Each structure stands twice: as structure tokens, then as C-alpha cells.
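Participant: Assemble the whole structure, with the sequences as input and the hints as a guide.
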Amino acid sequence: MTLDPFRIGFMPLVDAALPILARELGLAEAEGIDMELMRDTSWATVRDRLTYGHSDAAHLVAPLAIATTLGLDRPPMPLSVPFILGLNGNAVTLAPSLAAAICKEGELLDSITSGKRLAELVKLRAIEGAKMRFGVVHRYSSHNYMLQYWLRGSGVDIGKDVEIVTISPPFAADALARGEIDGICVGEPWNSVAVERGVGVIVNVTSHIWLRGVEKVLALPQARAEAEPELVHRVIRALYAAGRAFIDSAQAQRNAAILARPEYLDGSADMIERAISDRITLAAGTEPLHIPDFMFQHREAANFPWASQAAWLYAQMVRAGHVEKSDQDYTAAQNVFRPDIYRAAFAGSNVPLPGASAKLEGSIEETIAVGTVQGRLLLGQDTFFDGQAFDPDKLDAYLAKSQE
Amino acid sequence: MLQCNRVQVVRIAVIDDSAARAAVIEEGLREAGLTDLHIFLDRHGLAAQLEACSPDVVLMNLENPSRDMLEETFALSRALARPIAMFVDQSDETAIADAVDAGISAYVVDGLRKERIKPVLDLAVRRFNAFNRLQTELTEARNQLAERKAVDQAKLILMKKRGITEPEAYKLLRSHAMQSNRRIADVAEAIVTAENLMGGAL
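For the protein sequence lines, the chains are G and H, in the order given.
Its first residue numbered 3, the first sequence is counted upward by one per residue in the working numbering.
Its first residue numbered -17, the second sequence is counted upward by one per residue in the working numbering.
Be careful, since some hints might not be right.
Pairwise CB distance ranges (calculated) [unchecked claim]: (1) G/D6 <-> H/L116: 47 to 57 Å; (2) H/L116 <-> G/T4: 32 to 42 Å; (3) H/A79 <-> G/D329: 24 to 34 Å; (4) G/A179 <-> H/I21: 21 to 31 Å; (5) G/E230 <-> H/S0: 45 to 55 Å; (6) H/G181 <-> G/A252: 38 to 48 Å; (7) H/A79 <-> G/E230: 36 to 46 Å; (8) H/P149 <-> G/G34: 44 to 54 Å; (9) G/G287 <-> H/K96: 51 to 61 Å; (10) G/I129 <-> H/S0: 51 to 61 Å; (11) H/E13 <-> G/Q255: 52 to 62 Å; (12) G/I129 <-> H/E33: 21 to 31 Å; (13) H/A79 <-> G/L5: 22 to 32 Å.
By construction, these hints were calculated from the structure, which means they are not laboratory data.
If you're wondering where the values come from, they're calculated on a predicted model, not measured in any experiment.
Beta carbons are placed, not taken as given, at the ideal position from N, Cα and C, and that holds for glycine.
Facilitator: The following block contains the structure:
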């Protein structure tokens, strides 16, 4: 059998796991795909390789797929997201001196309490005439919007008292050590690297800001997704199978060893295994803490691209002042996520397929069964730390309320 | 209608994490008379230095890890007096594709006329490609050297073990390579590795 070549660009992060495992465990090959992985160290390069055809698809921060489609800072290039590569898995790491004013070493407070304390520290800094400086991995990243969501919801005036800068994940620990930033919101293993070096302490995790927050996606040019549906279906079936392998706790050590290889994350297998198994060391010298759902994968149709997730991201982009709200853009942003392609890829299999393409984000307080076109599907609690739900049909009301 | 005639030269910032490549690009641009050049190698404090330099064109290697940080700076500076946007005029998609293929990302101040940008970009593409060729040649030369060394070692091993002359040892290597459909260098490499594993003196 001849294999179809398919190249995927990625950044060295734990949530690049599915493409890596799909290749290394022979799951891509089983779908007739010769998957080649291309590592880069900036999202801009991952995006450029995708838009200029060096890669066929990319592991991408979800909002960047929307920003690229809308043409923010560059001519528009419509991208499609037929598959979510994972939920959450990021953390907020502060310089140890600041973290000490929020919680005891090795302790993880609820987001409301820690947020209030952080807001007080921001205020104190502002009184001195300075701004607290936070790093995020990209202007259009879930990290940026999650951090802003938490700070704003804790009473911080972001425009006035905070400065947010971009730091590439591998430089996070370095920037903390040099005092260039006070804190950073970044994916694993880069928080743990800062903790291990003693230059940072984890004070929050993004799953405690939004229990089911959309994180990395598989993005490809819309034209390509529509021209070669059969190839794309096989790719996402291979990624789905990789998700099943990822959550098999008996294989966590093997999976971590694969991710740690020099050509992938080139990092510590132990550290990666802790992230995979939701055990996070918050401060140097403390025992790892089990944080359920720190990184959420595969279960509850976590890989299904809900249009309402794209809608929520667009709402945050408006709140951050990154886009002027327009109905046309709002529709375009939601159309980036392609539940139709996901459904077509798994039609006739035993993979549960939601009947709806959008939901009220953050409205599930306890596990419920939802309507499907195939299989049985239960969705667990998906709330935001501030208890606000997001209705994609009521964007204006949501934005008005968040401005109060 | 009055046209604003900018008589000043194009100011170019070259950001590269390879000093050697930056030098190759700098030389090419200077030769072409583009002398208002500023080279940045260190990512620390880059944003501030770049702002102070206020270039018309920023050339950067595509794989530079500071790109996300700089794009953020460019997005923010839209509100300032000298907005910088990524150089991707729709009509110049091929020029940009060529640049990306060569490993360049380019950013240009909004409103800078295209006929002034194009020569800079074309030149950069040529210099990047020249540098890439140089690198490939260097790697090939290194590989050839290593291969020759392995063949010499393998010949010595065969001469010693089988009591044959050097030309005979080479013939043996060659015939085995032909039979097994491998390169002579690969067969030699295998012999050297095996000898090392067996605790040979070589």
C-alpha cells in the first residue's frame, strides 16, 4: 500500500501529543498516511509554513486560526478546524516573590481567591506607578484570553494596570529569571521548567478558569479541507485513535518517552509524564499535586469542534480590543470550526457524534447526557470560574454585561 | 496633486540569530548600495532597539524564535506614529512565497512604495539562498571527509585481518557494496563499527 504524505507543523508542547503519537504508534500509517512532523519555535513560523504550503496542516493555538481567517495584521487566509487537539493544559506561573504573597508553596487556591489576591498585588504595583508585566505565548492565543478573563473577572483593569507581552514558550523560564516579566501563562512543560529552575511558582491552571477551555486545534487551509475531504477524514481518524492512546494511563510512561525525544519536545520525560497524568509540581521542592482534568483529552467528545467555542474566542478577542465587533466577522469566526467535517469523518463508526454544533458554553453544572446523531455522549461540568455562561446567540448582551 | 517625494534611503533592519548569515546578507545589501543597515543578533531588548532604530523594512530569518514577540510589537505600534505591517501585499504573493521558501520573513512600514521594497526583498532572497547553498556544500564536504576516513579505516582492518594489499582491500569493499546494493562508504562504516564492537585496536 502506498501511503499519502501529510505534513503537520507543530510547536514543542505537550499538547502536540496527538500528531506525534499518531505517527509514532503507527496510527497514521494504519489510515494510509505517511505523517511528517515539522517543528518550529514560533507560532508565526508555524502559520507561515501553513499559508505558504510548507505544511499541509498545523498544530495551532485556536484563536490564531480565527485571526488568520479574519486577516488580522495580514491578508486573510481562510482556515478550517475539523478537530480539536486538546482542552486546557496551561498554567499561570509567577515569580516566586509574588507567588508567596498569594499562597503557600505547593498550594493551589480556587481561582476566585487567588485572583483577588493577585488583583491586590496589581493595585499595589500601580500605586507605585508601575505595571505588572505578564507574558503570554502569542497575541492571538487562548493563553492571552484565559489570563485576561481571569484578571478582568478578578477586578483588574487590564488596560490601565497591566502590561501583556509575548514570550515564546521555550524562553518563559528565562524571562522570569531575568525579571523581564512578573508572570506568564504558558503550556507544559514550560511552567514546570520554570518551577524546576526555581524561577517560578504555579499559582493557577487554566482548567480552573474554564473547566473545558478550548486549546490547540488542527488547522488547515479551507480550500484544502474542502478539496480533499477523504484525506482529511483519515488524518483526523488517526488523531482520534492517538487520543485514545494518550488517555491510557498504563501507557503514560511510554507516551511521555516518545514526546521527550530530541526531534519532538527534546525535554524531560518525567516532567512530560507528570503533565500527561495531571500531576503538577507547583513549587520547587514540593510534591506534585493531582489536578483532575488539568489537560483534558478524548473523553466527552473533547476533540469535537463546537462552533460555540470559536464564538467564545471571538468574544474574548473583542473584549481584548483585538477586533472591532462585526456580525460578518462573528459568522466567519464561527465557520472556522467545522463540526460537519468531524461528523463526516466518523459517520458509521462507534465514535459519539453530538447532534448540535453549538452549545451554551459554561452552563453545565453536573454531568448530563446530550443528544447525538450517533453513540451515547455524556458531558461533564464545563463552568467558568466566575459562573458566567456564554450563549453564542447573545453576543451583544454578553459583551455589554462584561463591560459593566 | 502633490506627491511626497521621500529622498532618504531605505532603512533596513536585519534580525538574525546566525551572525554568519547576517554578515552574508549585510554584504549583499551594501554592495547594492543599501547602506542604511542595522543588524540585530541578540533577542534581549530587541523590541525597544528596533523601535529606536525605526526601520522602513525589517528582514528576519523565518525560524527566528523572536517572531511572535515582534509581531505583537508591530500590531501594537499600529496606534503609534510609524505603523509597521507585515509585507504581504496581495499582488506580491509570489514574491512573499519565494521569500518564505528561502527562509525569510519580512515586515515593511505601511505606505512604503512597492518599487522600493521589491529590490530589497529580491536581494535578500538571493543572499539567503546563497547562504543556504554554502551551508549545504559545507555539510557535504564534511560528510565526504568523514566517509573517506571510514573507507581508509575499513581498508586497514581488511588488510590486517585478511593479509591483503590495499588495492585488494578496496576491491573487496567495492564488490561487496555492489552485491549488497549499498554505497562503499556504508559498507566501510559497518566494518569499522563491527571492529569497534569486537574490541578491535583501530
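Participant: Assuming the hint says 45 to 55 Å, is it satisfied by the Cβ distance from G/E230 to H/S0 or not?
Facilitator: For G/E230 and H/S0 the Cβ distance comes to about 37 Å; the hint is violated.
Participant: Just tell me: holds or violated, for the beta carbon distance of H/A79 and G/E230 against 36 to 46 Å?
Facilitator: Once the Cβ atoms are compared, 21 Å apart, the range 36 to 46 Å for G/E230 and H/A79 is violated.
Participant: Determine whether the Cβ-Cβ distance between G/A179 and H/I21 falls within the hinted range of 21 to 31 Å.
Facilitator: Holds - the Cβ-Cβ distance for G/A179 and H/I21, about 27 Å, lies within 21 to 31 Å.
Participant: Does the beta carbon distance between G/I129 and H/E33 stay inside 21 to 31 Å, or does it fall outside?
Facilitator: holds, 28 Å
Participant: Between H/A79 and G/L5, is the Cβ distance one that fits in 22 to 32 Å?
Facilitator: holds, 27 Å
Participant: Can you tell me whether the CB distance of G/I129 to H/S0 sits inside 51 to 61 Å?
Facilitator: violated, 45 Å
Participant: Please check whether H/L116 and G/T4 have a Cβ separation lying inside 32 to 42 Å.
Facilitator: Check passed, 36 Å falls within 32 to 42 Å.
Participant: Could you see if the CB distance from H/E13 to G/Q255 stays within 52 to 62 Å?
Facilitator: Since the Cβ atoms of H/E13 and G/Q255 sit about 56 Å apart, the hinted range of 52 to 62 Å holds.
Participant: So does H/G181 sit 38 to 48 Å from G/A252, Cβ to Cβ?
Facilitator: holds, 41 Å
Participant: Lying within 44 to 54 Å: is that true of the beta-carbon distance H/P149 to G/G34?
Facilitator: holds, 50 Å
Participant: When you take the CB atoms of G/G287 and H/K96, is the distance between them in 51 to 61 Å?
Facilitator: Given about 58 Å between the Cβ atoms, the range holds.
Participant: Are H/A79 and G/D329 spaced within 24 to 34 Å by their CB atoms?
Facilitator: holds, 33 Å
In this structure, the hints that do not hold are numbers 1, 5, 7, 10, in rising order.
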